[in-house]
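**Student:** The residues making up each chain are set out below.
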Amino acid sequence: MASRFGNSNSIWRQPLAVVGIIIILFWVFAAIFAPLISPYDPLSQDSDKFLMPGSLHWMGTDELNRDIFSRVIYGARISLPYSILLVVLSAFLGSIIGGISGYFGGRVDAIIMRLTDMFFAFPAIVLAMAVAAALGPEIRNAVIAITIVSWPVYARLVRGLILNAKQNDYVTASSLLGSSSLRTLVVDLRPNLAGPVFVLASLEVGNALLLLSGLSFLGLGAQPPAAEWGSMVSMGAVNFDRWWVGLFPGLAILSAVLAFNFIGDALRDALDPRTAKALRD
Amino acid sequence: MKPIVEVNNLSVEYTRGDQKVGAVAGVDLHVGAGEILGLVGESGCGKSTLGKAIVGILQGADGEVNFDGQQVSKIGRGQRDAHFRNLQMIFQDPYGSLNPRRKIGDQIADGPRIGGISKSEALEKAASLLERVGLPRNAVERYPHQFSGGQRQRIAIARALAISPKVIIADEPISALDTSSQAAVANLLVNLVEEFQMGLIFISHDLSIVRRISDRVAVMYLGKIVETGKTEEIWNSPAHPYTKALMSAIPHADGKAFIPLDLPGDVPNPAYPPSGCRFHPRCPLAQGECASREPLHVSLSDGRKVSCILQEAGSAPKTLTF
Chain F
1 MASRFGNSNS
11 IWRQPLAVVG
21 IIIILFWVFA
31 AIFAPLISPY
41 DPLSQDSDKF
51 LMPGSLHWMG
61 TDELNRDIFS
71 RVIYGARISL
81 PYSILLVVLS
91 AFLGSIIGGI
101 SGYFGGRVDA
111 IIMRLTDMFF
121 AFPAIVLAMA
131 VAAALGPEIR
141 NAVIAITIVS
151 WPVYARLVRG
161 LILNAKQNDY
171 VTASSLLGSS
181 SLRTLVVDLR
191 PNLAGPVFVL
201 ASLEVGNALL
211 LLSGLSFLGL
221 GAQPPAAEWG
231 SMVSMGAVNF
241 DRWWVGLFPG
251 LAILSAVLAF
261 NFIGDALRDA
271 LDPRTAKALR
281 D
Chain Y
1 MKPIVEVNNL
11 SVEYTRGDQK
21 VGAVAGVDLH
31 VGAGEILGLV
41 GESGCGKSTL
51 GKAIVGILQG
61 ADGEVNFDGQ
71 QVSKIGRGQR
81 DAHFRNLQMI
91 FQDPYGSLNP
101 RRKIGDQIAD
111 GPRIGGISKS
121 EALEKAASLL
131 ERVGLPRNAV
141 ERYPHQFSGG
151 QRQRIAIARA
161 LAISPKVIIA
171 DEPISALDTS
181 SQAAVANLLV
191 NLVEEFQMGL
201 IFISHDLSIV
211 RRISDRVAVM
221 YLGKIVETGK
231 TEEIWNSPAH
241 PYTKALMSAI
251 PHADGKAFIP
261 LDLPGDVPNP
271 AYPPSGCRFH
281 PRCPLAQGEC
291 ASREPLHVSL
301 SDGRKVSCIL
311 QEAGSAPKTL
321 TF
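Chains F and Y supply the protein sequences, listed in that same order.
For the first sequence, the working numbering assigns the number 1 to the initial residue and increments by one for each residue that follows.
For the second sequence, the working numbering assigns the number 1 to the initial residue and increments by one for each residue that follows.
Derived from the structure by calculation, the hints contain no laboratory data.
The beta carbon of each residue, even a glycine, is placed where N, CA and C say it ideally should be.
To give a feel for the contact side, a few chain Y residues facing chain F, derived at Cβ under 8 Å: (1) I75; (2) R80; (3) R85; (4) I114; (5) R159.
Given the sequences, and given the hints that come with them, work out the whole structure.
**Tutor:** Structure, rendered in structure tokens:
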């Protein structure tokens, strides 16, 4: 094993992963250098409304005369950092809950697992809508809502990993030496989680982005006039005959979600010794 | 010699579905400081279960284990009582008993650090223990996968030694190792027992090693101790038919015509132990009585204890011929 995350070369041998990385790098670049790339201010209304894509406005303008290309570029500044934040928050929360569930077992485990079952029984977006609506339409509340509906996947994964890892003799040896529960969990069991949780998180970034855009589309996430892909698509849905209004932010969402999934898949394959070996042979 | 670990009438049960399986059924044992007790028996006879119950990994259904004056209880969620940290275990599989993602030094230093010693001191101790078990000091900075099975077992031994235990239960510590490291690890254990005056319960099915290193031997069959006594005495004149059969199964390299004695059948299912003497269905000397009456665990004149109706309490062991 070359490093903690498996053979670090193998991910570069997967064409889809490379495509994913290029797309994400493009969006990261767009987010960082948005003011330099975009020809107009994303909020300025100096133009005419609903201009077709052309040489002045590459992606046309929207109902408030704003340049859609500039807004799509600026949109990366909301979608990327927030989806990563979402994944970090829910992975953290889910890992703690799942760790407690797997380690302590018994009644605690039963209660936590039935709770996750309840979350799985609902479509995530419906639950997130309910929570976001209850908290009030604001992007911070959308983040809280999505975190609340996203932690159960991590809790399930971590619980399974802990259940598996605690069978090891080294865990028994550690408690024979007098380790407390907390020490066993943090020192002996936690290192087993890093790889799988990282892979799941990378697969979930796309989901988080989709949920965030979904809430914004419904008016429960980013608020106008912020340039956010989901809320831009919702404007496109209202003005259905002006195809460019919704199409370009929609493509932005599609490309980013797809790219994150490509990378997540590749990471999973690279970390799973069986598929990784198949790729090298 | 005052025993440091005393096992009194210990039983351990597993539940399989709604059925109770008695893996250990009423065992008495003791081991003193500086003494090596070999615990031998076929696979499935309950010797590992017994070892785990002694350190407190498993809960005994009946009976008790006393360690240094206090009764051992099962390790739970809470921190193990400091008193019992002096009762340690070495596991069979040196690949599962070390955390693959932590440095060797940190793992050995765990015990002393939990005991309240500073990190640098604990790591210093880890390095000198590694040296003591025959590994380089700089192994503290390395990970388990950089070592062979035999080396890993030495590391596991160093980890147990780090808190200067009074008793170590070694559960098949050499059976997962290749032949060349088996002898080395066994010798290391013998030397450490002498050096630190620990008690060692050496669980093994390898009779030739047990004969070489043990002061005393306990022979286990289907959850019960059938014979226990000084190693040489048992080897010279086994008093239980099972002991005799077990020892004749050791191949002899010196070419002596010692025809291995086949035991008919397998170890019976411990869920349905045979009536009377548990060994009677396979015993070449079984009598009618054996099927109905459970033999007492009697002391013979030379101090050993045996459970067989052929032997009389207080007299010299009768030679068994079959």
